[in-house]
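Protein chains in written order, with the numbering used here: chain A, 1 to 204; chain B, 1 to 204; chain C, 1 to 204.
Some clues are possibly wrong.
Which copy? The list can't say, so a pair holds if one copy fits it or any two copies do.
[What the hints assert, rightly or not] In silico SDA-like cross-links for lysine to any residue, where the CA-CA straight-line distance does not exceed 20 angstroms:
| hint | residue 1 | residue 2 |
| --- | --- | --- |
| 1 | K25 | L73 |
| 2 | K25 | H113 |
| 3 | K196 | C68 |
| 4 | K59 | V189 |
| 5 | K59 | V37 |
| 6 | K25 | V173 |
| 7 | K196 | H52 |
| 8 | K59 | L147 |
| 9 | K25 | V139 |
| 10 | K25 | V189 |
| 11 | K191 | V80 |
| 12 | K25 | M194 |
| 13 | K196 | L167 |
| 14 | K25 | W192 |
| 15 | K25 | V134 |
| 16 | K196 | C136 |
| 17 | K25 | K196 |
| 18 | K191 | L90 |
These aren't lab readings, by the way, just hints derived from the structure by calculation. Predicted, not measured: the structure shown is a model, and the values here were computed from it.
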Amino acid sequence: MLEIAFYIAVTAEAMTAALAAGRRKMDWFGVCLLACVTALGGGTIRDIFLAHYPLFWVKNPYVLLLVCGAALLTIAIARVVHRLHWPFLLLDALGLVVFTIVGCNIGLEMGVHPIIVLVAGMVTGIFGGVLRDVLCNDVPLVFRAELYASVSIVTGALYYFGLMAGLHADLVVPGAIAIGFLLRVLAIVNKWEMPKFVYDRDLR
Amino acid sequence: MLEIAFYIAVTAEAMTAALAAGRRKMDWFGVCLLACVTALGGGTIRDIFLAHYPLFWVKNPYVLLLVCGAALLTIAIARVVHRLHWPFLLLDALGLVVFTIVGCNIGLEMGVHPIIVLVAGMVTGIFGGVLRDVLCNDVPLVFRAELYASVSIVTGALYYFGLMAGLHADLVVPGAIAIGFLLRVLAIVNKWEMPKFVYDRDLR
Amino acid sequence: MLEIAFYIAVTAEAMTAALAAGRRKMDWFGVCLLACVTALGGGTIRDIFLAHYPLFWVKNPYVLLLVCGAALLTIAIARVVHRLHWPFLLLDALGLVVFTIVGCNIGLEMGVHPIIVLVAGMVTGIFGGVLRDVLCNDVPLVFRAELYASVSIVTGALYYFGLMAGLHADLVVPGAIAIGFLLRVLAIVNKWEMPKFVYDRDLR
């Protein structure tokens, strides 16, 4: 079930990245490349950080075809996509929490420190979007957006401490996904934000 | 012969990167650093993706000296470089196809899936330029330029399927280089481009 | 002693990164993330380049807490920070030389080529700042700033050749730190700069 959710999340991330590419007037190849970086970049960085080789998409290269297919499909249906605003946001929120749990899971399998388990989840959840924004020449959204990274940390912590408390994975996985997903949706609806740090003197 | 072509390609990439650095008014050190990132970045990312350690420039550090030497030479001869417009474009095109074949080759040696062989070639061929553009604070050219990445994929595919068809490497390597090179030059001359995806609604 | 200097340097880098984040109006999470990237990014890239696993912060995750703590402290005391202009510049200079020596040290332990020892030091010293500037959507300062990277190379060379000359580490470490630190401070005071390469013709 987590695997199916993972492929849905990868597809959703690829499609939102394709729209970002379209706003930059990229060519079809650029659309596919940006989709790959966004949908697979977080997991790639996590695997490199943890020396978890082979990378997940080297092991299973068909995920690259899935991402490029989703990106090209987005080009084809772009005219109706704007009517899908809410479904997209929901899929993106689902992607965030699912990626987080997949990342935490790999950290757990490798037996790293609990802090690193949460970091592995967060890197998987948010770094794809960071890479997308860097390649699109923006300051990454995650530095300023509604509770995006915080949702990732909360989801990871629920998952980790749920498992540590002896609960069964069949209960903890859907529970953490549901709570994280709900938190993200509430944050979007209510425009919840972390407090900002504003400093306008020049140090250097 | 591939090795000689590789060093020519590294030198050419270092020189074009140095000119990009000059347009940003970087200091001499910045010129060398940008040249290293551009000329060696694609191969470095490929090695990291495939866990192909030690990195090629850690194994053979003199390539760093070659790159820095080429970058400093470019500063010295900058006044005549604009007369060398075409030779530069040709060397850059040669670099693209040679890097691609070197990358595919390493994928083949490691026995990865054919899709990953092509990805290894493409990463080697184009990611140096992507890193250069990110550090220069541009949206990477490869997302919008003439058939740049496509040339890399075609070259890699010719090389891979040529070898799979049982042809000898002495035939396949120069053949793939020649066809890829010609395709790139024709794309520049005729301004061939991939179709662009333009999407101007704001999703978020 | 080098270890204490390392933690001071990490803290200083985290605090300067937090101020950079404040100038971009990032939220508290963004401040912590940018602090982590800046303070730990150089060492992370070095570890990945040398396949020196586990990464230093995976091995010792408490350094992540130190960095986030320093970043949040900076938010709390931001109003008095501008009076600490000089202490900050001095700590930043100390960070540069200490990071460089730590990086060279790891290169030496792994028995790599002398050129790579110096590269390992330089990557550790300056790439955190490069990543910070890329995420803040600036052209990295190091490409244009006063003798920043040069100080790193000189410090690394002093350390390496001092050890090779048979001097004791207890002498070479403080010596290289002192000279590198002094060189950096003199460069700031006197606005010493590397010559710049200015090229304003368009190649492509």
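Hint check against the structure, violated hint numbers in rising order = Going through the list in order, the structure violates hints 2, 4, 6, 7, 8, 10, 11, 13 and respects the others.
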